[in-house]
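Place chain B on chain A using the hints.
Each chain, letter by letter, is given below.
There are 2 protein chains.
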Amino acid sequence: MTTTNRQVRLAARPAGEPRDTDWQHVEEPVGEPADGEFLVQVMYLSIDPAMRGWMNAGRSYIRPVEIGEVMRAGAVGRVTASRHPGFAVGDHVSGTFGVQEFCLSDGRGVTKVDPAAAPLPTYLGTLGMSGLTAYFGLIDIGRPEPGQTVVVSGAAGAVGSIVGQIAKILGCRVVGIAGGERKCRMVVEEFGFDAAIDYQSEDVRKALREHAPDGVDVYFDNVGGDILDAVLLRLARGARVVICGAVSQYNSTRPQGPANYMSLLVNRASMTGMVVFDYADRYAEGVARLAEWRAEGRLTSLEDVVPGGVAAFPETLMRLFRGANHGKLVLEVAGGKGTGTVIGEGGSR
Amino acid sequence: MTTTNRQVRLAARPAGEPRDTDWQHVEEPVGEPADGEFLVQVMYLSIDPAMRGWMNAGRSYIRPVEIGEVMRAGAVGRVTASRHPGFAVGDHVSGTFGVQEFCLSDGRGVTKVDPAAAPLPTYLGTLGMSGLTAYFGLIDIGRPEPGQTVVVSGAAGAVGSIVGQIAKILGCRVVGIAGGERKCRMVVEEFGFDAAIDYQSEDVRKALREHAPDGVDVYFDNVGGDILDAVLLRLARGARVVICGAVSQYNSTRPQGPANYMSLLVNRASMTGMVVFDYADRYAEGVARLAEWRAEGRLTSLEDVVPGGVAAFPETLMRLFRGANHGKLVLEVAGGKGTGTVIGEGGSR
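Chains as they are written, first to last, in the UniProt record's numbering: chain A, 1 to 349; chain B, 1 to 349.
Everything labelled a hint here was simulated from the structure, so no lab data went into it. Hints may contain errors.
The list treats identical chains as interchangeable, and a pair is accepted whether it falls inside one copy or across any two copies.
Stated by the list, open to error - Straight line, CA to CA, 20 Å or less: simulated SDA-like cross-link-like pairs of lysine to any residue:
#1 206 x 194
#2 168 x 289
#3 206 x 233
Bound-form chain A, shown alone (with noise of 0.2 Å):
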């Protein structure tokens, strides 16, 4: 029975992109529930870039990690030892485990999963956090009309695939913008976008007057930088952009604005910030209406599962800011194999 539990625990702040040094690798015992406890196996860990912004010090949506302690990461796994009444050995649960093998945890902000009903790695993305993320923020601050135009950056990405997707569904033109020719064709192909802009080979203020002749009406930005402003030239009257992320500037020591935010002006745009967290008390309306579209098939999920366990980490998390996923990028820790192995099953503690 596996008694060591291996981490990654933040070592430094980075400045600019995290380097091996900002990591500590440390092992230690798996701990043991105490009363109203219980423990769980870390089978996969969400990659996200906003992980990027919980390294550094200051003051943000959700408190800094602070130097020593396991780095954050939302994750699925499965209860192996209980000594909480809601949570029985065998049952798959997701929450914010962090980059560990192991989680004690009192139930707090953890929510149940039926492996049954979708594979684990689809409770990160698609019926997680990513997919809440492109829901609210699409539907709640997009407010997208049937027959306005929808433009999506990270379009190949965890969450804008579903953003992109739920326009589809909602009627609306979608056109998303990703690096490279593949990720556009899937975007095009799996995703049924409307069109897609490469921005590594294509001149993307030229692409959107093409594809959106008419004017953006919702842009979901994913990236800011270069291509946020070249969207901003584009807006519709009325247009609303929603600020998910900024993958091209959480490296940056010094960030980029936006040198056209004067186009909401022009516009009567608005550009508005959110933030998934402030959606808790609707997590299940949004969980819901995602497993609904995709049992009808009108929501294709892609999750790029890495395997390598959590010495991994700090490679797979790399390979976001070098846009090298497709999809919802999942480190496995436990994944498949774990699930027949795993620790303490039918135990009694």
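Chain B alone, transformed into the frame defined by chain A:
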């Protein structure tokens, strides 16, 4: 009787700051009203930062002034000849009469004003577009609530000084940002703001920590640039940033975007552009409330009336970008003297 109409026309589109060679000084005969028209002798011209934008080519919220065209300007004047049933000789009127001494009009977009109720320049400021911009921008876009903190840049200027006074009337805590000790004193002593920050001598970020300890709920921005960036770092949760102008950037060939725009995400805040012309069907509502507050002594008007006639327009416009004005900048064309010697008075044509 005056027969010559002096005009200032746009000669070239400026790159950066407008220069003398961008203007053409023209004299042409004063026109005669056709049926359904009247002639206005321009008395006061409204000098506005937005004028700089109208000189640029390209799509904006209003069509550009064409090369060779009389420069667009809001103005008040007096009807000196009329073949229009709705406007009589001697009527005082407000409209977009342009940088010229006389303007023919068919009455569209022209409103009568009462020189007995307020000085004529006030109809360009508090009771004109400046007041309406402040009113609708603050109330409709800023949506301040009593007790909230409102920060205004360009606080000693035409729009900013009114924004702050309305915010005080609505029960807010109001902090103004202006350049120089004299303006800051005016902001507090004459306009009644709770505090003023002198961006020329103070660290704006530090001063905002002091004067907006609980964060900024509404930021009404007239200036852009570094001041916008400083305020973004101080936003309260759910803050509204009203983008009314960016006078610090209008002459820049490489405008500066707000590098701290991700504060919108951190604080779930929004940044929204506004153009007063969109509220045309509610101008009457706005003017009525502004006039009421003014009559009650709760709204101080300050007009900075500069003499010199239309020939002085180019240098007067530059005063705005040098921050040389206090309150509403107005260029006197016929003005006080004009009222005694208006041409065509009592005429019958």
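Hint check against the structure, violated hint numbers in rising order
Per hint list: zero violations.
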